[in-house]
Structures are given as structure tokens and as C-alpha cells.
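Residue numbers (the working numbering): 83 to 481.
A few of these clues could be false.
Claimed, not checked - Straight-line distance between alpha carbons at most 20 angstroms, and here's what the computed EDC-like set of lysine to aspartate or glutamate pairs gives:
{"no.": "1", "residue 1": "305", "residue 2": "248"}
{"no.": "2", "residue 1": "153", "residue 2": "119"}
{"no.": "3", "residue 1": "153", "residue 2": "217"}
{"no.": "4", "residue 1": "153", "residue 2": "378"}
{"no.": "5", "residue 1": "305", "residue 2": "378"}
{"no.": "6", "residue 1": "153", "residue 2": "248"}
{"no.": "7", "residue 1": "153", "residue 2": "476"}
Unchecked claim - Label-pair restraints from in silico Cβ distances:
{"no.": "8", "residue 1": "345", "residue 2": "100", "range": "15 to 23 angstroms"}
{"no.": "9", "residue 1": "337", "residue 2": "419", "range": "20 to 28 angstroms"}
{"no.": "10", "residue 1": "414", "residue 2": "340", "range": "54 to 62 angstroms"}
{"no.": "11", "residue 1": "419", "residue 2": "367", "range": "53 to 61 angstroms"}
{"no.": "12", "residue 1": "378", "residue 2": "87", "range": "56 to 64 angstroms"}
{"no.": "13", "residue 1": "419", "residue 2": "315", "range": "37 to 45 angstroms"}
{"no.": "14", "residue 1": "119", "residue 2": "369", "range": "20 to 28 angstroms"}
{"no.": "15", "residue 1": "222", "residue 2": "87", "range": "36 to 44 angstroms"}
{"no.": "16", "residue 1": "151", "residue 2": "211", "range": "18 to 26 angstroms"}
{"no.": "17", "residue 1": "165", "residue 2": "229", "range": "34 to 42 angstroms"}
{"no.": "18", "residue 1": "235", "residue 2": "323", "range": "44 to 52 angstroms"}
FYI, nobody ran anything at the bench for these hints, they're computed from the structure.
Cβ atoms here follow ideal geometry from the backbone N, Cα and C, with glycine treated the same way.
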Amino acid sequence: MAEVDTARFLADLHALRRIGAFRTGVHRPTYSPQDMESRRWLMARMEEVGLAPEMDGLGNVLGRHPGPGRKLLVGSHIETQNEAGWLDGALGVVAGLALARAGLAVDVAAFADEEGHYGNMLGSRSMTGALPAEELAAARHAVTGRPLAEALAEAGLAGRPLLRLDPARYRGFLELHIEQGTQLESAGMRSGVVTGIVGARVFRITAIGQQDHTGGTTMAERKDAVVAAMRVLALIDERFPMHVGPRTVWTCGRIAIEPNQPHIIAGRAEMIFQFRDIDEAVLDRLSALLARIVQEVGRRDRCTLALEEASRSPAAPADPALHAALRAAAERHAPGAWMAMPSGAIHDAQVLARVMPMAMLFTPSIGGISHHWSEDTKEEDLALALRILADAAEQALRE
Numbered sequence: 083m084a085e086v087d088t089a090r091f092l093a094d095l096h097a098l099r100r101i102g103a104f105r106t107g108v109h110r111p112t113y114s115p116q117d118m119e120s121r122r123w124l125m126a127r128m129e130e131v132g133l134a135p136e137m138d139g140l141g142n143v144l145g146r147h148p149g150p151g152r153k154l155l156v157g158s159h160i161e162t163q164n165e166a167g168w169l170d171g172a173l174g175v176v177a178g179l180a181l182a183r184a185g186l187a188v189d190v191a192a193f194a195d196e197e198g199h200y201g202n203m204l205g206s207r208s209m210t211g212a213l214p215a216e217e218l219a220a221a222r223h224a225v226t227g228r229p230l231a232e233a234l235a236e237a238g239l240a241g242r243p244l245l246r247l248d249p250a251r252y253r254g255f256l257e258l259h260i261e262q263g264t265q266l267e268s269a270g271m272r273s274g275v276v277t278g279i280v281g282a283r284v285f286r287i288t289a290i291g292q293q294d295h296t297g298g299t300t301m302a303e304r305k306d307a308v309v310a311a312m313r314v315l316a317l318i319d320e321r322f323p324m325h326v327g328p329r330t331v332w333t334c335g336r337i338a339i340e341p342n343q344p345h346i347i348a349g350r351a352e353m354i355f356q357f358r359d360i361d362e363a364v365l366d367r368l369s370a371l372l373a374r375i376v377q378e379v380g381r382r383d384r385c386t387l388a389l390e391e392a393s394r395s396p397a398a399p400a401d402p403a404l405h406a407a408l409r410a411a412a413e414r415h416a417p418g419a420w421m422a423m424p425s426g427a428i429h430d431a432q433v434l435a436r437v438m439p440m441a442m443l444f445t446p447s448i449g450g451i452s453h454h455w456s457e458d459t460k461e462e463d464l465a466l467a468l469r470i471l472a473d474a475a476e477q478a479l480r481e
């Protein structure tokens, strides 16, 4: 059985944590100086463990194992949400380093912008050939609108070629990640073997009314875009629970109001709404229900409503053989203290699953907290997760 150096693994995690440190977490948004420093740090560590590192024109970092034969690809991402946690993404990349240090035949990848600052999984989609050139050229920062091309130039990445993975090189892809939820902690479990990653559908709902004076416009005359948006959300809250699955989740994460002034009736309201489930039939059912809700509000209100699907990520089941290897390893290292579970969050593994076998392993998140600087996991659980991952990787490479 491969002997992994858990002490060095934890030391690497803490070293990476210091780059962009914010309180007890990390602020390392995509293509920021801190993000680029972390990518250079990673390439240096890859060289130390015998990998040949390369960074491409999107900031993807790939460390290739020099030996013959098929490999496992192991990794995640190392940029973060703003003022966020130290383990989200970084855990999976540093775990890959630890497996390479233990002598396993692995390539290690850090995919750029999994956190979606400039787009939807741009790094892993680019490396798997699923990113259209026109989408890449048009990409902008989700909040500031800054063109991706400007950010790449400032980060020193302009002109570099893009890397492309060769699926034939790999037995499959493994990703170790924090759970980002409370299931493991609530059940008293120390590890979670992921059955699959939920699919996600993201919609843009726009209400167009009439901007007008809050005092001079009678209630009978008003076409208030905010009221129309509120009606949509109220009907979602009322009707979605009757059509969902046991693990369906839904969120309105953004509402933009124009002109967003206290004495002006809003002429426009835009909402970004999403739902997630492991079952594509549930996602189809909810898509149809959302369309009916928007249509109903449009008919009864004086505003014009539009519904646009902004993006979709299909559900991705774990590869049966890799999943079985993780289950067996979890039972050896944490007998009775692990569970099979779906991933409610989206990960690069979902993109990789389109071109090669994929499996994921979760470790508990204290309090279920993630995307916040207080995100944390017990070090003994981190070390246990690495041992499970290494055991499963060694088994998979023998098959």
C-alpha cells in the first residue's frame, strides 16, 4: 500500500494558505496577483515531486508524470471566491501532489477559474475541448465586466498556448474535496464517497416595466418591475416543493434593479435563478414549471417578462469501478465511518466526466461552512481523506 506523507501534505496546505491569507481563510480570486503567485508555487512543488509542470494561456497548471503507462489525473482548483476558505479546491490539488510524492503514477491538475469569476468552468472545459472559441473571446468578469483578455494580459498569460488533455493517457480522474455541507458532520461520518454530481440549470428572469415617479404615479397606473419579480419568486416558493426530489435545491442568487433609486419606480428587474438535482428528469420538470410560472406572472401583471436559460451542467454519475475503489478504501481506513452521497456542489470533476471515468471523495466541513473565510476541516480528517484517496488510486492503477 502506498505510504503517503500526511505531515508534508498538511504543511503544503498551510503553505498555500498563506498566499492571499484573509483572516483564517484566503482571498485569491482568479488572475489576481495572489492567484498567479499560488500557481507559480504549485509548479515549484510539482517539480519537487518529480512532475513536469506547465501553465497554459488560461492559467491551467498541469504536472505530468514522466513514466510510461496510463496515469490517473488528480486535481481541482486553487483560486478562491472572495474572502473565502482555504480548503475549497486547494485540498484536491495538494492531495495530488502528495500522491505523486508517494510514487503513484499520477498527473496533477489545477484548473483555472472553477469559481466562475470569468465564466462557467473555463479552465477544465478548455482542457477537455468543451469551450467554444467565441465564448472564450467574449468572456468578461461576472461582476465588473472586465474582459478576460485584459485580465490574462495583466497576469502574463497572453499568447501562451492552451493545454488539451488526452483522455487515452488516463485511467480516470479523482478529486478530493471538502463536502461544503453538513451531511457528514450531522451523521457523525468522517468521509463521503460521492455517487455523482448534481446537474444545475441557471436562468435569467427579466421583468420590464415602466420607470416612473414614486409619488406622482397612481397604483393603478404603475408597471413596477420589482413587483413582477417578487410575484415570480413567491410562486416559486409556493410551487417548487410539490415538484422536487429529496435533494433538490434552488436559489435566487442575484437581483439587479434599475435604476435602483429610492424615489423611482423600477423599470427593470433581473434575477439569476438556479436549481440543482442529481436526476435529470427532476431538472426537466422544474424547467417546465419555471416557464409556466413566468408565463403566468406575465399574463396577470402589466410588465413584460422574459425567461432565458443562461447555462446548464448535466448530472455526472461517478464511474462504477473508481467509485468501488473509493468505497473499499474508505471501509479499510474508516470502517463504519463513511457514507455514499451525492455532491450538491458543482466541481471540475463534472466536466472531466464527459471525457474520462470520474470519482470524488468528500471530507467533512466543520459546520458545513464554505465560500467563507471561516471554512475549516479537522486535520485528522484531512489526513484520513488522503490515505483513502491514495489507497483507491493505487487500486485503480492496478486494474
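Each hint tested on the structure:
The straight-line distance between the Cα atoms of residue 305 and residue 248 is roughly 55 angstroms, outside the 20 angstroms bound, and the hint therefore fails. Our distance criterion of 20 angstroms between C-alpha atoms is broken by residue 153 and residue 119, whose separation comes to about 28 angstroms. Distance hint between residue 153 and residue 217 is unfulfilled; the C-alpha atoms sit about 31 angstroms from each other, more than 20 angstroms. Only pairs whose Cα atoms come within 20 angstroms are accepted, and residue 153 paired with residue 378 is rejected, the gap being roughly 53 angstroms.
The hinted pair formed by residue 305 and residue 378 meets the criterion: a straight-line CA distance of about 16 angstroms does not exceed 20 angstroms. For the hint pairing residue 153 with residue 248, the CA-to-CA distance comes to about 11 angstroms; that is within 20 angstroms, so the pair holds. At most 20 angstroms may separate the alpha-carbon atoms for a hinted pair to count; residue 153 and residue 476 meet this at roughly 11 angstroms. A C-beta distance of roughly 48 angstroms is found between residue 345 and residue 100, which places it outside the suggested range of 15 to 23 angstroms.
The supplied range of 20 to 28 angstroms is broken by residue 337 and residue 419, whose beta-carbon atoms lie about 42 angstroms from each other. At about 58 angstroms, the CB distance of residue 414 to residue 340 agrees with the hint of 54 to 62 angstroms. Judged by the Cβ atoms, the range 53 to 61 angstroms given for residue 419 and residue 367 is violated: they are separated by roughly 36 angstroms. Between residue 378 and residue 87 the Cβ separation comes to about 60 angstroms, which falls inside the hinted range of 56 to 64 angstroms.
Here the CB-CB span from residue 419 to residue 315 is close to 40 angstroms, well matched to the stated 37 to 45 angstroms. Hint check: residue 119 to residue 369, Cβ distance near 42 angstroms, so the stated range 20 to 28 angstroms is violated. Separated by about 42 angstroms at the C-beta atoms, residue 222 and residue 87 satisfy the suggested range of 36 to 44 angstroms. One distance hint, 18 to 26 angstroms for the beta-carbon pair residue 151 and residue 211, holds here, with the actual separation near 24 angstroms.
Remark: the range hint 34 to 42 angstroms for residue 165 to residue 229 is contradicted by a beta-carbon distance near 24 angstroms. Distance hint for residue 235 and residue 323: a CB-CB separation of about 48 angstroms, consistent with the stated range 44 to 52 angstroms.
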